[in-house]
Every structure is written in structure tokens, then in C-alpha cells.
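Colleague: Spelled out from the first residue to the last, the chains are:
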Amino acid sequence: MNSPMIHCQQLTHVYSGKVALSNVSFELDAGEPVGLVGPNGAGKTTLLSILSGFLRPTSGTVRLFGQPPGATQLIGKVSALPQVARLDPGFTIIEQLVFYARLQGFTTPQAALEAGRVLEEVSLTEATHEKPPVLSHGMAKRVAIAQALIGKPALILLDEPTAGLDPVNVRTVRAIIAERSPATTFIISSHDLAELDRLCKHILLLENGILQPETIDLNEEKSAIRYMTLQMETCPAREVIAEFQALEGVLQVTNPQKNEFIVAYDPERQPHMDLQLMQCITSQHWQYRQLSHGKTLEEKLFFKD
Amino acid sequence: MHPGFLNHLLLISQFELKRTFATRSGLLSIVTFAVVWGVILLYPLRFSADLLVQEKGLMQGFSFLDVIGFGSIQQWPIPEFGLFWHFALLIFPLLSITLAADQTCSDRERGTLRFIVVRSSRDRVFFGRFAGVMVIQALLISATALSTLALVLYRDAALFSSALPDLLVVTTNLILAVLPFSAMMAALSATVKSARQATVWAILIWTFLAAIIGGFAYYLPTLAFLKLLVPGYQLSALAALSGWQTLQLAYVPLVQSLLLLALGRWIMARQTL
Chain A
380 MNSPMIHCQQ LTHVYSGKVA LSNVSFELDA GEPVGLVGPN GAGKTTLLSI LSGFLRPTSG
440 TVRLFGQPPG ATQLIGKVSA LPQVARLDPG FTIIEQLVFY ARLQGFTTPQ AALEAGRVLE
500 EVSLTEATHE KPPVLSHGMA KRVAIAQALI GKPALILLDE PTAGLDPVNV RTVRAIIAER
560 SPATTFIISS HDLAELDRLC KHILLLENGI LQPETIDLNE EKSAIRYMTL QMETCPAREV
620 IAEFQALEGV LQVTNPQKNE FIVAYDPERQ PHMDLQLMQC ITSQHWQYRQ LSHGKTLEEK
680 LFFKD
Chain B
2 MHPGFLNHLL LISQFELKRT FATRSGLLSI VTFAVVWGVI LLYPLRFSAD LLVQEKGLMQ
62 GFSFLDVIGF GSIQQWPIPE FGLFWHFALL IFPLLSITLA ADQTCSDRER GTLRFIVVRS
122 SRDRVFFGRF AGVMVIQALL ISATALSTLA LVLYRDAALF SSALPDLLVV TTNLILAVLP
182 FSAMMAALSA TVKSARQATV WAILIWTFLA AIIGGFAYYL PTLAFLKLLV PGYQLSALAA
242 LSGWQTLQLA YVPLVQSLLL LALGRWIMAR QTL
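Protein chains in written order, with this note's numbering: chain A, 380 to 684; chain B, 2 to 274.
If you're looking for bench data, these hints aren't it; they were derived computationally from the structure.
Heads up, a few of these hints could be off.
Pulled a few chain B residues facing chain A out of the computed Cβ check, cut under 10 Å [said to hold, decoys possible]:
#1 L12
#2 I13
#3 S14
#4 T113
#5 I117
#6 D157
#7 R266
#8 T273
#9 L274
To give an idea of the chain A side of the interface with chain B (calculated C-beta under 10 Å), a few residues [as the list claims (entries may be wrong)]:
#10 S401
#11 F405
#12 A450
#13 G469
#14 I473
#15 A480
#16 R481
#17 A527
Virtual Cβ for every residue (Gly too), placed ideally from N, Cα, C.
This is chain B alone, in the form it adopts within the complex:
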């Protein structure tokens, strides 16, 4: 009796976790990320949060945050999470493009995928690698959200119960936000020869797709629905929302991810290994 789909999904995604958290190169990336995040957390995020807390009265009606698109921060009861939300919406999609770039491409070029596919299947490898990358990102997002919670509790430990819902909201939303980016990288990784190529293509496709669809929608407003095809389309609208309102747009990344995964699976099934 050979193992089932879910068993292989688990084994393949576990191996990806091991690659990130138990190999030298993976750990180096994690340490680099931790250092960069630590700097963001301790300086811009903490100082901005302190400013928002101290000057809460003065900030009422202050339009500068609205001008830079951070207006909704004032609606978050705990400013640290409002700031984290805005920083994370910029950082994690970009991180996803690099972190999820090498789902299958270098293994395919090296021939390693042949050793795996002969005892699994292309579908299992494709979805297993995607699941692995998503779990890694979910762990990183959770870690950064928890570190933000620690910052909140350091300021005022009494905020724990009110901070917990915010923690869940941002974590859930950020995982949803990176989903279509990771799916796009899965599809690109099944096509190109290296992680670098996948990243370059992702940036080019994303930029041109957004520009072309934006152009079409400007002249033919009936085509505005095509914007739904651009990964991250909902992010600017998300930034204007706060709390559980942010889940109103959850269908956008979910639909995008399903479409991109279907495309990636189709490419993977036809790709020469």
C-alpha cells in the first residue's frame, strides 16, 4: 500500500521546513530576517507607536497619516498593531516573492526533482512545496505578530486581553495576503530555471499586469474587475480597514490563489523534469 496524497503533502512540506529551519543556509536567512525585523520593531515601530500613544489627543484630525495612506492606524485601539499591520502589508508580500521563489526550479534544473517524482507525483510535489512555503511564512508572520504583542505588553501588560483579537486579525490577514504571492511564485517556479529568474519575472509580470489592467480600467471602467487578477490588488484597500473588517476582502486572495495554483499545476504537469 503506497502513501496517500495527504501523507506525501505532509512529508514534502516537512522537508521544506527542515530546509529552512535546520540547514545552514536556511538558518542564515532566518537570522537575517530576525535581525531586520528586530530593527523595524525596536525603532520605527516602537517609536511611532510611542508617538501615537503620547500624542493621541493631538493626532485627532491630523491629516498627515491620511496623506501617506496610514490614516486607519488611528482606528486601531492598539497603535502597535496598526503600525505592524501597515509595515507587514509592505514587507511580507515582498518577502514572499523571494522566500517562495525556489519551490521547484533549482531542484528541477539539478535533476533532484526526478528522484522525488519517481516515488511521488508532480501534483504532490507541487502542492507539498507550496504548503511548506506557506507554513514557513505563517510561522514568520506569527513570530513577528507575537513580537509585536510582546512590545505592547512591555508598554502596558493590562492590554493583553484587548491585544489578543488584534493579534489573530493581523496574523490571519497577513497569511491570506501572502497566499496569492506564494501561489504566483509556485507557478513561476514551475516554469523558469532559477529562483532569481522567478523573482525577476514576478516583479515584471506583477508591474506590467497592474499597469496594463489599470490602464484598461481607466479607459473602460467595465474592465475594472480585471484588477482582481493582480496579486495584492486588495492590499491598498486593506490598509484602510482595521480589526475584523479586514476579512471583508479575504475572498480576493483566496480566488487569486486558486487560479494561480491551477495554472501552476497545469504547468508542472507538462514540464520536462
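Looking at chain A on its own, in the form it has when it is part of the complex:
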């Protein structure tokens, strides 16, 4: 019988009297990226630190591929981008990446090639022979991402991978994750919900150290009610709501933010709601910015019906 990729049972962690994680239990199988979200102090970094073997839980059990975190059987199989970690300032980037690759079992020539490859993947070949103190925050972050990509890990734990990166590099990181999935499973902790919305099929929501009972499935195809999110240019909100409400199959129209509308509809009564909405917008001579299927992750997580 195949054990799940991650198995957490009654995981609790207490930091000097403060409960950071409380009885967290879940199982995850290999596959598409999984998002880990929650407000500041919710326990995301604590959970990822326990999974990475950096922190021992106060109680409960954790298994990755059937092994406890930090087990030598996981070398090369599990990789991590810690939220706060800097490379050794005394050695060049390439020296350290080669050392890490050697620890993963690469020979010296293979390790040099692998270190060069991961640096190229994060567009940092120019920093190969630099020492960490001369790197900007964004560059240091990309080097930290590069070390997580060494070899072919089956599971990569990323804690805030895009925090502090410019848009071009955010796109690079997104492309790396998309390219390596689902051969590599990514667990991504982030506050950038739009980013997670793009990358992840499943979301784990932590609040005050407690894992919310159900993981959020971002796939709405099987649900009886579907949603469309519409971002308009400046428009008369009341009229928009009234016009949309009158359309065939529309169940509810909400206006959570200025110029943003969420249309709930019955797909059986109107399978082509997107076309119907476009026609309505055109006939009213309104301008729109974006029309997308489903609710935004922010709406799903924090503004449930």
C-alpha cells in the first residue's frame, strides 16, 4: 500500500506558552501544487519548518514518504526554501551550491553542472562567483530558490517564494513551478492569493494554528452553482447589478469591491454565462477589464457565503 506523501497526525507546537499549531491533521498525495494560506501568525511557517525538519513538534506525528522529517532517506527527495535563511557570507554562491549538490550525492563535476543549471533557472548566472553579502534581497531570494531546485526532489516546500521579488522574477518562479509540476509536488506558503490562485489546485487554510476543516478545492466544475468574477472600468454599480440580475440563469450578483462583481449562476440553465455577460456589457456600452471563471481565492477564503 502506498503511504501518502505527507501525513500529519494531531500536530501541535507551542512556542513559550503560545500555541502556534493546534492538533493539525492532514494527508497530502503527490501531484499539483498545494497552497498554504492564512493570516500572519497563523502557523504557516511553523508547519513548514516542522515538515522540513527544522523544528520538532511539541506533540503529534509527521511522516514524509513514510519517514520522519530530517531522515536521511529523504535526502534529495525533499527540498525546502526556508522563509528566513541566508547563505554563508564567506563562500561564493557557486561554492555553496556545489557543496549542497555534493551532499545530495552528485560527484564534483556533476555538482558543478547542477549548480550552474539551477542558477541559470533563476536567471542568476552573473552572480555565480559573487559572495552572498553583495547580493540584493531579491537576488539572495533567487539563490535560495535555486538551492531548493538542486537535483530532482519529489517534494519542495516553499515558504513565501515570491516575497520581495520583482514582477519579472515572480513570473520566472511561477514558470519553474508550473514546469516542474506535477512531477515535483510544491507546498507553497504565501500571502499572494492571486499567485496561489494561478498555481494551486488545493489550498490548506490555517487560522490561529488550526487547520480549517476542509481543504479548498479550486476546481468548481462539479458544483451546482458557479461563479464569474468581472472587473469593470468605472461603471454605475447599481445599474450593472440590476442588468446582470435580470439575465437568464443568474442567481445572485454581488459587488465586493469597487468595480468588481461576482455573478453566481446555475450552469444548467445557462451554460454560456460568459457570452451572455459580454453581450450585456456591449449592449450597455460599458467597458470591462477582466472576466474570469470562478471566484478569486480571496473571496473563497475570507468572504464565504
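Take the given structure of chain A and dock chain B to it, following the hints.
Modeller: Then chain B, alone, in the frame of chain A:
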């Protein structure tokens, strides 16, 4: 197939050697050490040795060396090694406290240890760093012993064959002498946040432990065996011995090191990285 324990031990200790001998800060420390040792070798050690050689007859029964605890120097056939032995027993344990202070602490504070542990293990890092520090000290001890041999040969090249056993004796004994100090620093480094803290704690613990156990042993002589817990406990007794006799006390640093390494490993396994 992932690398085994010994492979990682080798890789991690090699990286420590590189830190000492191939980085700017490491080389600066080595050059400083070389200069200080050069001064000790060329002035106090050489002059004292010359004095001992020239005044050998007068020194018979001379009690001043006994008074300062250097009496056994007269028993060493080659006085340079006798003097080196006494100087080194003072210098290397102190050097060990500073040199071995940063085995894991600054890397843990910086988060660098996370990058390493995720592709190794805490045990491998702990013992790999300790092995690295020991190899560095062994190299420094060997270099200083060889420089002393050079001094002996400069005085009288015919002494080579009789100097060689002394060279091996002092080198072996000094490596054994620094072993528990390095193990103590490994355990402290796994606990505290910086090398400076590790050094301060080492001095405090060592002083208080020696004073408290010494006090207990004075009033309750049955507790004198507790002195075995103090790193360097055997050094004063060692200074009174010469030649291969010095290995009689080798069990003391070995037992101390095993206990301290077990304690350090236990701390390292539970430490948040």
C-alpha cells in the same frame, strides 16, 4: 542512492578546512597564529632551550623549574620539546576554545544550517563540523611541533632520530588534550547564538565547574573522581610527565570527549534550526 554517514562527514569537514585555509578570514587567523607562534618559538622557546642546554650541569637540582611546575622539562632529552610541551599545554586548549567556538551557532542563527540539514542530517553536521575542527587543530599542532623539530635540527642535526619519538609523543598528546575542549565547544555551539557567547560560556562553565568540584573534593574526598568531568583536568598531571609516560592519562580526555559529544548531539537533535 544517497551518500552515507562517512561520506557526509568527509564533505562537511572538508568544507570546514576550506573555510580555514582557503577563505580570507580563515587565512588571516592562520597568519596571526603563525606570527604569534613564530615569536614564541624564536624568543622564549629558543632562548630557554639554549639556556637549558648550556647550563645543563648547573640545572641539576635547580628547584626554580619545579616551583613554576616546569620541573619535568629536565627529564626531556631534548629541552626544546620539553618547553614546547609546556607552552603548548597552555596555548592549545585556549586556542581550541576560540577556534572551535563557531561550529554551528552562527550558521544556525543565519539560517545556513537549514540549507545543509535538509540534505544531510543533524548528526552528520554536528560530527562533521567537530571532525573538521579537530583536523584543523591537528594540522596546527603538527605544524608547531614540526617547527620545533626544525629548531632542534638547526641546533644539532644529529638529534633527528632521537627527536622524532618526542615529536610523535607531543603531537599525539596535544591532539588528545584539545579533544575535550573542542567537544565542549561543539556542545556549547549547538546551544548558544554566537561564537562569542560560546567562548564566554566555556570560560564561565569551566571555571565554575573546576571551582565547585574542587571545593566538593576538598571537603568530601570521595567526590574527587568528579574532577574527571572538568576538561583539561589531566593537564597539570600531564605537565609533570615526559615522553610516552604522557599517554598514561589518555583515557581522561577520551572519556570526557565522549560524554561531551553525547551531550552536544542530544542538544543538536532538539535545537530549533
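Colleague: Closer than 10 Å between Cβ atoms is the bar; does L274/B clear it against chain A? Give me holds or violated.
Modeller: Holds, about 4 Å.
Colleague: Can you verify the interface hint for A450/A: is its Cβ closer than 10 Å to any Cβ in chain B?
Modeller: 8 Å, holds
Colleague: Tell me if the interface restraint on R481/A is satisfied: Cβ within less than 10 Å of some Cβ in chain B.
Modeller: This hint holds: R481/A lies near chain B, its Cβ roughly 5 Å from the closest one there, short of 10 Å.
Colleague: Given S401/A was flagged as interface, is its beta-carbon under 10 Å from a beta-carbon of chain B?
Modeller: 19 Å, violated
Colleague: Under 10 Å, Cβ to Cβ, is where I13/B needs to be relative to chain A, so tell me if that hint holds or is violated.
Modeller: Because about 8 Å separates I13/B from the closest Cβ in chain A, which is inside the 10 Å limit, the hint holds.
Colleague: Identify whether the interface hint at R266/B stands, where standing means a beta carbon of chain A within less than 10 Å of its own.
Modeller: Constraint on R266/B not satisfied, violated at 14 Å.
Colleague: With chain A as the partner, please determine if S14/B meets the hint condition of a C-beta pair closer than 10 Å.
Modeller: Hint violated; S14/B Cβ to chain A Cβ min 12 Å, cut 10 Å.
Colleague: Would you settle whether the hint for T273/B is holds or violated, based on the nearest Cβ-Cβ distance to chain A being less than 10 Å?
Modeller: Because about 5 Å separates T273/B from the closest Cβ in chain A, which is inside the 10 Å limit, the hint holds.
Colleague: With a cut-off of 10 Å, does the beta carbon of I117/B approach a beta carbon of chain A closely enough for the hint to hold?
Modeller: With Cβ-Cβ at 7 Å, under 10 Å, it holds.
Colleague: Return the status of the interface hint for I473/A: holds when the least beta-carbon distance to chain B is below 10 Å, violated otherwise.
Modeller: 13 Å, violated
Colleague: Does the CB of G469/A sit less than 10 Å away from some CB of chain B?
Modeller: 5 Å, holds
Colleague: Under 10 Å, Cβ to Cβ, is where A480/A needs to be relative to chain B, so tell me if that hint holds or is violated.
Modeller: Holds. Min distance 9 Å.
In summary, the numbered hints that this structure violates are 3, 6, 7, 10, 11, 14.
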